[in-house]
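Residues per chain are reported as follows:
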Amino acid sequence: MKSSPSRRQLLQMGAAVGSSLLAGDKALALEPNPRKLGEPLGPYGERSPFEKAVRWRRESKTPETGSSFSPIHDSVGTITPSALHYERHHSGIPTIDPATHRLVIHGLVDRPLSLSMTDIKRLASVTRTLVLECGGNSAGEWAPITGPDVQRSYGLVSGSEWTGVPLSRLLAAAGVQRRASWVIAEGADACRMMRSIPLAKALENSLLAYGQNGEAIRPAQGYPLRLINPGWEGNTNVKWLHSLKLTDQPYMARDETSKYSDLMPDGKARIFTYAMEAKSVITFPSGGQSLPARGAYELTGLAWSGRGRIDRVEVTTDGGRTWLAAVLQEPRLPIALTRFRLAWQFNGQDALIASRAIDETGYVQPTRDELIAARGTNSIYHYNGIKVWHVRADGTVTHVEA
Amino acid sequence: MWKLSAIVFAAAVTVSAQSPGSQIGRPPTPEEIRELGSAIAPDGTGLPEGSGTVAAGRTLFAARCARCHGPAGEGDIGARLVGGQGTLATARPIKTVGSFWPYATTLWDYVNRAMPFDQPGALQPAEVYAAVAYVLNLNGIITADQVMDAGSLPKVKMPNRDGFVADPRPDVGKERPRK
Numbered sequence: 462m463k464s465s466p467s468r469r470q471l472l473q474m475g476a477a478v479g480s481s482l483l484a485g486d487k488a489l490a491l492e493p494n495p496r497k498l499g500e501p502l503g504p505y506g507e508r509s510p511f512e513k514a515v516r517w518r519r520e521s522k523t524p525e526t527g528s529s530f531s532p533i534h535d536s537v538g539t540i541t542p543s544a545l546h547y548e549r550h551h552s553g554i555p556t557i558d559p560a561t562h563r564l565v566i567h568g569l570v571d572r573p574l575s576l577s578m579t580d581i582k583r584l585a586s587v588t589r590t591l592v593l594e595c596g597g598n599s600a601g602e603w604a605p606i607t608g609p610d611v612q613r614s615y616g617l618v619s620g621s622e623w624t625g626v627p628l629s630r631l632l633a634a635a636g637v638q639r640r641a642s643w644v645i646a647e648g649a650d651a652c653r654m655m656r657s658i659p660l661a662k663a664l665e666n667s668l669l670a671y672g673q674n675g676e677a678i679r680p681a682q683g684y685p686l687r688l689i690n691p692g693w694e695g696n697t698n699v700k701w702l703h704s705l706k707l708t709d710q711p712y713m714a715r716d717e718t719s720k721y722s723d724l725m726p727d728g729k730a731r732i733f734t735y736a737m738e739a740k741s742v743i744t745f746p747s748g749g750q751s752l753p754a755r756g757a758y759e760l761t762g763l764a765w766s767g768r769g770r771i772d773r774v775e776v777t778t779d780g781g782r783t784w785l786a787a788v789l790q791e792p793r794l795p796i797a798l799t800r801f802r803l804a805w806q807f808n809g810q811d812a813l814i815a816s817r818a819i820d821e822t823g824y825v826q827p828t829r830d831e832l833i834a835a836r837g838t839n840s841i842y843h844y845n846g847i848k849v850w851h852v853r854a855d856g857t858v859t860h861v862e863a
Numbered sequence: 180m181w182k183l184s185a186i187v188f189a190a191a192v193t194v195s196a197q198s199p200g201s202q203i204g205r206p207p208t209p210e211e212i213r214e215l216g217s218a219i220a221p222d223g224t225g226l227p228e229g230s231g232t233v234a235a236g237r238t239l240f241a242a243r244c245a246r247c248h249g250p251a252g253e254g255d256i257g258a259r260l261v262g263g264q265g266t267l268a269t270a271r272p273i274k275t276v277g278s279f280w281p282y283a284t285t286l287w288d289y290v291n292r293a294m295p296f297d298q299p300g301a302l303q304p305a306e307v308y309a310a311v312a313y314v315l316n317l318n319g320i321i322t323a324d325q326v327m328d329a330g331s332l333p334k335v336k337m338p339n340r341d342g343f344v345a346d347p348r349p350d351v352g353k354e355r356p357r358k
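Protein chains in written order, with our numbering: chain A, 462 to 863; chain B, 180 to 358.
Bear in mind the hints are in silico, worked out from the structure with no lab data behind them.
Note that CB positions come from ideal geometry on N, CA and C, so glycine has one too.
One or more of the hints may lead you astray.
Claimed, not checked - From the derived model, a few chain B residues whose C-beta atoms are all more than 12 Å from chain A:
{"#": "1", "residue": "Ala235"}
{"#": "2", "residue": "Ala241"}
{"#": "3", "residue": "Pro304"}
{"#": "4", "residue": "Gly319"}
{"#": "5", "residue": "Asp341"}
Unchecked claim - Quick list of the computed label-pair ranges, beta carbon to beta carbon:
{"#": "6", "chain 1": "A", "residue 1": "Phe511", "chain 2": "B", "residue 2": "Arg355", "range": "38 to 46 Å"}
{"#": "7", "chain 1": "B", "residue 1": "Ala241", "chain 2": "A", "residue 2": "Lys582", "range": "47 to 55 Å"}
{"#": "8", "chain 1": "A", "residue 1": "Arg639", "chain 2": "B", "residue 2": "Thr238", "range": "46 to 54 Å"}
Turn these sequences into a full structure, and let the hints steer you where they fit.
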């Protein structure tokens, strides 16, 4: 492929890695003989005790509400471990017994349905790998000083493989009436979080998911049943789903009027801004990390679009003067995290690095200045601007004062 | 081939949905509809019987809401509920029930489903009407003698009712022709 690293780049990388121990490396520890046995087999796996990546959240007097950010600076590949998936809860994580959980489909339908989890799992299932991003991800980037690290500034995004039943299948069984145009989705959390979803979306590709990354959805992600609206802001992907009411109007929920609407400079707010537009960010090297030495590195990051496949990711290492096509990890799935990579030589000089994603609609991830010129700085939600990192001469990486 | 199998699949769905032998689930019980059908539409559909006065709301607010929202709804751990009208187009917009929320029914729905924060669902309909009446009165939207019920609440015209517009995106991000 044209955008693959050149032979010369690969040779340079090999030379640098092989040349000497980098700062912080320790020599191979040789165990004395006879060698000790390892740990026995176990029923449910844990990661290595040496791995420390965790979600980050702000201290709060009400820890049942708020968000926790995925450690994407430590991510590899395109799937977020379920245990590290970002969280946004409004009234805590409910403990739900799947044996008693029910989904009720009612309102403007010919045959209202009450479904057990067993009923739902009997239906033909589908599996889709999808990105999920909070509508408020990167909200701090509208401020004059951008976020210090990639976890806290771009970490309300995660990638999972979801398994469930197309919502259209159950709507067909319930018999949607001609007057219906919206679906009011409600969760079984304490605050009964609720959103209005256009019927057209529900029929197009919404999923009722019970599986995530090869096992049951985690409680923090909606166990036992979650509405998945591919490409739409996380809040519409209602967790602990227990009610779908077909109506002829949106219900103007608090979380679609007061919250998750985008206030413009003229004082008007955009409502029902569901889609998450194309976005990317470099995860290595990124804010708070440091490069131990000069030489060859693999610069890498994540790109995604709520409107389809990532077509191209371009990377600059000279503050935007020139842009190079990054290598995209295949398969590039629509509405899914896409890993990009670029071989890069750090020569000990200051560098401003950034990525921009272009999706299959031709949309180009905008700069922060372009976003602010169009929307001002008070819209909070749906920020998808280009993130610039400053790699300093000493190898430390910081955010940029915009 | 793909199209053909999609058509076959669609036909199979239609048949199974109509076939009594493969009925999915069961009809909901009246209790299930009652428990899960509490959402309130902006036209007032779903509002229950009962009513609340501003005076009753003042007492209830002091007991159940002020700890988080402040004695006069000025905000603390909980959101600011009062004021901010005229600030939405400024550098420092203050978004409150009075300045930003487009429908009074949304306030009823949200208080009913989500408040008080530590005991959602604890309030009876009359208490929700009272709390809503008090917050609307604090914002100067209804007078102290107005009573809120299923008839009067949907008629309340919120100051920012016309403050919302449809999503115009993509508004930024020059589009490039596909390769």
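Going down the list of hints, with the structure as the test:
Under the 12 Å C-beta cut-off, the non-interface status given to Ala235/B relative to chain A holds; the minimum distance is some 23 Å. No beta-carbon of chain A comes within 12 Å of the beta-carbon of Ala241/B; the shortest separation is about 20 Å. For Pro304/B, the condition that its CB be more than 12 Å from all CB atoms of chain A holds, with the nearest at approximately 15 Å. Interface exclusion of Gly319/B from chain A stands, the closest Cβ pair being 19 Å apart, more than 12 Å.
With a cut of 12 Å on Cβ distances, Asp341/B falls inside the contact zone with chain A, its closest approach being about 9 Å. The given range of 38 to 46 Å is respected by Phe511/A and Arg355/B, whose C-beta atoms sit roughly 44 Å from each other. Roughly 49 Å separates the CB atoms of Ala241/B and Lys582/A, a value that falls within the hinted 47 to 55 Å. Judged by the Cβ atoms, the range 46 to 54 Å given for Arg639/A and Thr238/B holds: they are separated by roughly 47 Å.
Going down the numbered hints, you'll see the structure goes against just number 5.
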